[in-house]
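Peer 1: At position 35 of the sequence shown the residue is numbered 639 (my numbering), and the sequence of numbers has no breaks.
These are calculated hints, taken from the structure and not from any lab test. The C-beta atom is built at its ideal place from N, Cα and C for all residues, glycine as well. Keep in mind that the hints are not guaranteed to be accurate.
[Unchecked claim] Derived Cβ-Cβ restraints for the label pairs, each shown as a range: (1) P651 / A706: 15 to 25 Å; (2) Y649 / P695: 31 to 41 Å; (3) H654 / A628: 13 to 23 Å; (4) G678 / R709: 18 to 28 Å; (5) D775 / A706: 36 to 46 Å; (6) A628 / A720: 15 to 25 Å; (7) P698 / A761: 33 to 43 Å; (8) G678 / A699: 41 to 51 Å; (9) P743 / D775: 21 to 31 Å; (10) D666 / D639: 17 to 27 Å; (11) A655 / V756: 19 to 29 Å; (12) D775 / S635: 29 to 39 Å; (13) P789 / P651: 15 to 25 Å.
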Amino acid sequence: MNKHHKAADVHPAGPYEVRPATHADLPGARSVMLDTFYREFGHGYRPQWHADVIDLAATYLDTPRHALFVAACGDEVVGTTAVRAQGPASPPHPAWLAQRYAGDRTAQLFRVYVRAEHRRRGLARELVGAAVRFIAETPGYEQIYLHTDTRVAGAEAFWRSVAVEVCDARDGDPGRNQTVHFEIPVPALAGALDRR
605 MNKHHKAADV HPAGPYEVRP ATHADLPGAR SVMLDTFYRE FGHGYRPQWH ADVIDLAATY
665 LDTPRHALFV AACGDEVVGT TAVRAQGPAS PPHPAWLAQR YAGDRTAQLF RVYVRAEHRR
725 RGLARELVGA AVRFIAETPG YEQIYLHTDT RVAGAEAFWR SVAVEVCDAR DGDPGRNQTV
785 HFEIPVPALA GALDRR
């Protein structure tokens with residue numbers, strides 16, 4: 605188990621287990637991420653955006669205040685969510701947004717992916733809940749930021765159910781990312797997702 609997590613972070617969801625990732629989970633987590641880049645987003649692996657996926661252990665398991673959570677069905681990893689101490693980059697995101705979330709006081713949610721055949725079972729909500737609890741228990745975080753590509757089925761509705769919109773950056777070009785930026789309010793850190 606990652607030294608940054610406690611056993612209490614394990615939350616069952618039906619036949620699934622949502623928990624902090626271990627080294628044994630990394631190949632499965634990487635597979636979920638890469639499949640999402642290629643099959644869902646259609647642009648594949650991009651080093652400038654996805655370098656963390658190559659060395660998940662160094663990025664998430666071995667770096668204090670970072671974390672990776674997985675949803676597993678038996679031995680198969682079917683979903684992921686990650687936390688990093690950083691805000692959005694500009695470009696590609698607006699400069700004012702990057703400035704607002706600059707520094708390591710921002711916890712950014714990354715890689716919130718669930719394989720299509722395992723969706724609609726509450727796994728994304730459980731994964732995000734585990735990440736939010738980790739953030740609430742980790743010193744130094746003051747805000748939670750994330751962004752999503754609204755072309756992914758169900759993504760926008762899900763985030764609107766757990767977060768507050770900060771910026772709708774959609775430009776109407778269906779060939780480009782249709783990004784909406786969100787924040788999960790700090791007062792909600794310790795339990796808002798559990799109450800929904």
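Peer 1: Hint by hint, note whether the structure agrees.
Peer 2: So, going through the hints one by one against the coordinates:
For the hinted restraint 15 to 25 Å between P651 and A706, the CB-CB distance of approximately 23 Å keeps it satisfied. In this structure the supplied range 31 to 41 Å is violated for Y649 paired with P695, their Cβ-Cβ distance being about 19 Å. Against the hinted window of 13 to 23 Å, the Cβ-Cβ separation of H654 and A628 comes to about 22 Å, which satisfies the hint. For G678 and R709, the Cβ-Cβ distance of about 38 Å falls outside the hinted range of 18 to 28 Å, so the restraint is violated.
A beta carbon spacing of about 24 Å between D775 and A706 contradicts the range 36 to 46 Å that was offered as a hint. In this structure, A628 and A720 meet the distance hint of 15 to 25 Å, their C-beta atoms being roughly 24 Å apart. Between P698 and A761 the beta carbons are some 23 Å apart, a value that contradicts the proposed interval 33 to 43 Å. About 45 Å separates the C-beta atoms of G678 and A699, a value consistent with the hinted range of 41 to 51 Å.
Between P743 and D775 the beta carbon distance is about 38 Å. The supplied range of 21 to 31 Å is therefore violated. The hint said 17 to 27 Å for the Cβ distance between D666 and D639, and at roughly 24 Å that hint holds. For the pair A655 and V756, the supplied restraint of 19 to 29 Å holds, since their beta-carbon distance comes to about 21 Å. At about 31 Å, the beta-carbon gap between D775 and S635 stays in the expected band of 29 to 39 Å.
Take P789 and P651: their Cβ atoms lie about 33 Å apart, and the range 15 to 25 Å is violated.
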